[in-house]
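Protein chains in written order, with the working numbering: chain A, 21 to 329; chain B, 33 to 315; chain C, 38 to 447.
Just to be clear, a hint being listed does not mean it is correct.
[What the hints assert, rightly or not] With beta-carbon atoms standing in for the labels, derived distance ranges:
no.	chain 1	residue 1	chain 2	residue 2	range
1	B	Leu-229	A	Trp-39	23 to 31 Å
2	A	Gly-82	C	Glu-239	25 to 33 Å
3	C	Arg-444	B	Arg-223	53 to 61 Å
4	C	Glu-79	A	Leu-96	47 to 55 Å
5	B	Val-45	A	Leu-96	51 to 59 Å
6	A	Val-133	B	Gly-75	55 to 63 Å
7	A	Ala-121	C	Ala-201	51 to 59 Å
8	B	Gly-75	C	His-101	19 to 27 Å
Hints are computed from structural coordinates only; laboratory data are not their basis. All residues carry an ideal CB built from backbone N, CA and C; glycine is no exception.
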Amino acid sequence: MSAVDPAVPRVEPYQPGFWRQNQRRLAPWLFLAPGMLMFLVYVIIPIFQSIWISFYDWDGLGEAIWIGIGNYVELLDDEAFYTSIYNNILWLLLYLLAIPAGLAIAIFLNQTVFGIRLVKSLFFFPFVISQVVVGLMFSWFYAPEFGLFYQLSEVLTGKGIAILADENLATFGIIAAGLWPQIAYCMILYLTGLNNINPEQIEAARMDGAKGWSMLWRIVVPQLRPATFIALVVTVIGALRSFDLVSIMTDGGPYGATRVLSFYMYEQALSEYGYRMGYGAAIATVLFIIMMVFISFFVVRLVTRERSG
Amino acid sequence: MFPTPIAKVSAPVRIAYKVLLPVALIIWLLPLLGVAMTSMRPGSDLTAGNYFGIPSRFAGIENYTAVFRDSPIGWYILNSFKITIPTVVGAILLSCLTGFALAIYRFRANIIVFFLFVAGNFVPFQILMIPVRDLSLRAGVYDTALGLILFHVAFQTGFCTLFMRNFISSLPFALVESARVEGVSEWKIFRHVVIPLMRPAIAALAVLVFTFVWNDYFWATVLAQGQNTMPVTAGLYSLNGQWIAAWQLVSAGSIVAALPPVLMFFLMQRHFIAGLTLGATKG
Amino acid sequence: MKPRMSLYGAALLSFALAGSAWAGELVINTDMSDPAPKEAFEAVLEGFKAENPDITVTWNEFDHEGYKSAIRNFLTADPPDVAAWYAGNRMAPFVNSGLFMDVSDVWAENGLNDTLKSASASMTIDGKKWGVPYTYYQWGVYYRKDIFEQNGIAVPKTWAEFVAACEKLKAAGITPIAIGTKALWPTGGWFDYLDLRVNGYEFHMDLTAGKIPYTDPRVKAVFEKWGELVTPGYFLENHAALDWQDAMPQIVQGKAAMYLMGNFIVAPLKEAGLTDDNLGFFQFPEITAGIPMSEDAPTDTLHIPSGAKNPEEAKKFLAYVARPDVQSSWNEILGQLPVNNQSEKPSDPFLDAGFAMLSDAYALAQFYDRDAPAEMAKAGMEGFQEFMVKPDNLDQILERLEKTRARVYK
Chain A
21 MSAVDPAVPR VEPYQPGFWR QNQRRLAPWL FLAPGMLMFL VYVIIPIFQS IWISFYDWDG
81 LGEAIWIGIG NYVELLDDEA FYTSIYNNIL WLLLYLLAIP AGLAIAIFLN QTVFGIRLVK
141 SLFFFPFVIS QVVVGLMFSW FYAPEFGLFY QLSEVLTGKG IAILADENLA TFGIIAAGLW
201 PQIAYCMILY LTGLNNINPE QIEAARMDGA KGWSMLWRIV VPQLRPATFI ALVVTVIGAL
261 RSFDLVSIMT DGGPYGATRV LSFYMYEQAL SEYGYRMGYG AAIATVLFII MMVFISFFVV
321 RLVTRERSG
Chain B
33 MFPTPIAKVS APVRIAYKVL LPVALIIWLL PLLGVAMTSM RPGSDLTAGN YFGIPSRFAG
93 IENYTAVFRD SPIGWYILNS FKITIPTVVG AILLSCLTGF ALAIYRFRAN IIVFFLFVAG
153 NFVPFQILMI PVRDLSLRAG VYDTALGLIL FHVAFQTGFC TLFMRNFISS LPFALVESAR
213 VEGVSEWKIF RHVVIPLMRP AIAALAVLVF TFVWNDYFWA TVLAQGQNTM PVTAGLYSLN
273 GQWIAAWQLV SAGSIVAALP PVLMFFLMQR HFIAGLTLGA TKG
Chain C
38 MKPRMSLYGA ALLSFALAGS AWAGELVINT DMSDPAPKEA FEAVLEGFKA ENPDITVTWN
98 EFDHEGYKSA IRNFLTADPP DVAAWYAGNR MAPFVNSGLF MDVSDVWAEN GLNDTLKSAS
158 ASMTIDGKKW GVPYTYYQWG VYYRKDIFEQ NGIAVPKTWA EFVAACEKLK AAGITPIAIG
218 TKALWPTGGW FDYLDLRVNG YEFHMDLTAG KIPYTDPRVK AVFEKWGELV TPGYFLENHA
278 ALDWQDAMPQ IVQGKAAMYL MGNFIVAPLK EAGLTDDNLG FFQFPEITAG IPMSEDAPTD
338 TLHIPSGAKN PEEAKKFLAY VARPDVQSSW NEILGQLPVN NQSEKPSDPF LDAGFAMLSD
398 AYALAQFYDR DAPAEMAKAG MEGFQEFMVK PDNLDQILER LEKTRARVYK
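Let the sequences and hints guide you as you build the complete structure.
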């Protein structure tokens, strides 16, 4: 124990008015504390833990063995990993169709006829329903022999197509199911956007003789930019997060043809035959890095927009 | 207004539009209508190959009763409520606090904290899966409603913080200023000045979080395993394994599982859409 | 103890509390969610409690499929005293990570080494016993007798006869073989039987133990035989999108004639309207002449987790379920075969046929996904499924399986 150094001024934490004086400086942290604590424990820290686990060989039961980048080396030589990435890219590209499709439906519905409010709500319906239900609905729709789609294809081509049994088509079938609610979401974004378009500009453009496509492209779409940005964010994130539909409609099959990274990770780590936590964590890390590219882009845009006004 | 209002176009186009609208709606909702129809068919129709024709008789009551009587779906729905409602309350409480902090105070780390909340909100669930599962197992909340609630509250706080912060930023800051001049404490400003103005934001978030959490399937499979905790999404999937080829039951179960968020949506439509389209008009 | 009791567990618990003094406790986790297994186990518990009124039993019942991943969680987080599982390599991960208790003493004290002899090998790892088997059932071909008769087909005894039967059925517009491979495991039955018949039991065991490369020509020979059924389209179309139950109506409606399955298919088929008159069973036919006939006969088991809080009561329970009389009545309800050789077999034409077949069997395999380790089983069955859709991909598939084998069995 050293003596108190007289040169150091004594801190007076209980000095009356300390709280009053520092309230404005401390208050934000007190307000933030509970939310940040939860978020740290359940979101931020687990990200690093996962990355750490990805350097181990661990079955989730026994001892974890450090293998360095072994899991990543194995990934490079894993066909299923490439299938998953390929499918993720398919998801991403095709999911983007939700944006123009949503815009098209929004324009179609942006009228004031009788009952349009209800029609709009019903168009939005698929988004409110759980993906489990959407997946079951589409499984039924695609079911071999009696599914509506199978029967339609039988009438049109003479031979029924069992989409989910065909390795080349199954992923498209699942993406179509995913697009259904996603289009609904984009539609509602654009409907709100259209509602807020400055009517004077439209009228002015009309005076100038703009109509149809040129009006849409030159006057309307630029005004819808904020809606498009959000539609882009939710669509890209939604595409990369796709898990529920794959799990429900095909369980990754036939023979792994519909795997995506998020599903493959779960399959390796926790499914019936999966006991590979380390390998799963490595897949999750790769997916995380891919998503970080998009996340950084979005967040930077968001923040710059915040700053500018 | 864009496109040109239908009232101002030629009569044939107007009529074509009015015909097209319901047709488009029916095509759009075809999978849903098919499932709704199937849920009212007797099982014998399905074995007889009558999948799309007129049901031989109305068996809706029978199917829906069977779903509730012969399966734990009522139990699953109860679990869903037990998970969803506390999550909504928890996430909103926490995000009112964090949103207030980030909107009202200027401090160096403000933008970084905000960035963390927003970015964390977009990460893939799989990167959290193993540690969150381990944490829940070790804390003894694995396979309990509490385990799911804690995770959902934490995760939804990210999105809700973004929402609340933007909402509070849009309030007139002068209100806070004048209260401060009068010597009102920061807590009281939060509690008595800001919170009363946040009703619309709270309502919007409540419906959104309710829908998100109700519809969650991934975490339900990772953090719950039995009938006593499983919410209806995961429960429906496991029932699907038992009801193979009994599509009338799968359909009825699906409709039942979808109903609460649908009702929520119709009752609170304005708030729901206001929440979802946050930022879609700004900028 | 977390409140994870099922309704049944709760009911049983309150019943037990009312009826007896508080002495021992026993917590049992099982996957018996299907009607017959559930009813059978309820009866077993009643019997046990009647003999041990001082033991309070809590039964947590899980969904059959969900249990397979749930067991990993509760064994580490909240182990019960008794847990249901499967024999063979399927229990190896839990044995190797020390999550199951050595129960060799239960075997020794109760003479199980004699009475449960047939399952002894599949319960042994490192020379110790890790659980007690209570039931097993045969696999084989279930077929429509009436369709066979109409088409003048006799029960095939050899591969040539089997292929000829398929050809005849196909020509008559009937799908020869029903199958649904969405859940992958039904493909394992086909691989097992083809390998057991083409190469024999020892080879099959060496293969599932990782001692033989999948690129071995003898493995390829198995797929050649398989291809004789795949290429002409003898299997049900679009099987990759179907579960095994989805394919059953094809048999019931007479659109398909045969189904290679476990005996548990009999109950749902009969429930759907088939009877002993039109539903039959035959042993998988001989392929390579002279190879003794071995069969798939998966064994279901009970284990004591090493974290059990009441190991004494658990051992008592294991000894109880090993008893011949208990196994007799249990399997009577279950419609399966008791493992104890002093037990009485339920009388049922399918079980009689199965029992006769298994008694004469040269050896018994568990099933591909129980004999091979989990990762290998998953990759293998996925390969089988791919082969059944795209037989031309065989070389690629085998190379991929070989890569997995090299990694899994380090």
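**Asked** Could one say that the CB atoms of Ala-121/A and Ala-201/C fall in the range 51 to 59 Å?
**Response** Roughly 54 Å apart at Cβ, these two residues keep to the hinted range, so it holds.
**Request:** Could you tell me whether the CB distance from Val-45/B to Leu-96/A stays inside 51 to 59 Å?
**Result:** holds, 58 Å
**Glu-79/C paired with Leu-96/A, Cβ distance criterion 47 to 55 Å** = For Leu-96/A against Glu-79/C, whose Cβ atoms are near 52 Å apart, the range 47 to 55 Å holds.
**Prompt:** Is the gap between the beta carbons of Arg-444/C and Arg-223/B within 53 to 61 Å?
**Reply:** The hint (53 to 61 Å, Cβ to Cβ) holds, given that Arg-444/C and Arg-223/B are roughly 60 Å apart.
**Request:** Indicate whether the distance between the beta carbons of Gly-75/B and His-101/C respects the range 19 to 27 Å.
**Result:** This hint holds: roughly 22 Å between Cβ atoms.
**Asked** Would you say the C-beta atoms of Val-133/A and Gly-75/B sit inside 55 to 63 Å of each other?
**Response** violated, 41 Å
**Item:** Outcome for the supplied range 25 to 33 Å, where the beta carbon pair is Gly-82/A and Glu-239/C
**Value:** Roughly 30 Å apart at Cβ, these two residues keep to the hinted range, so it holds.
**Distance restraint hint 23 to 31 Å, applied to the beta-carbon atoms of Leu-229/B and Trp-39/A** = With a Cβ separation near 26 Å, Leu-229/B and Trp-39/A satisfy 23 to 31 Å, so the hint holds.
Hint violations for this structure: number 6 only, all remaining hints satisfied.
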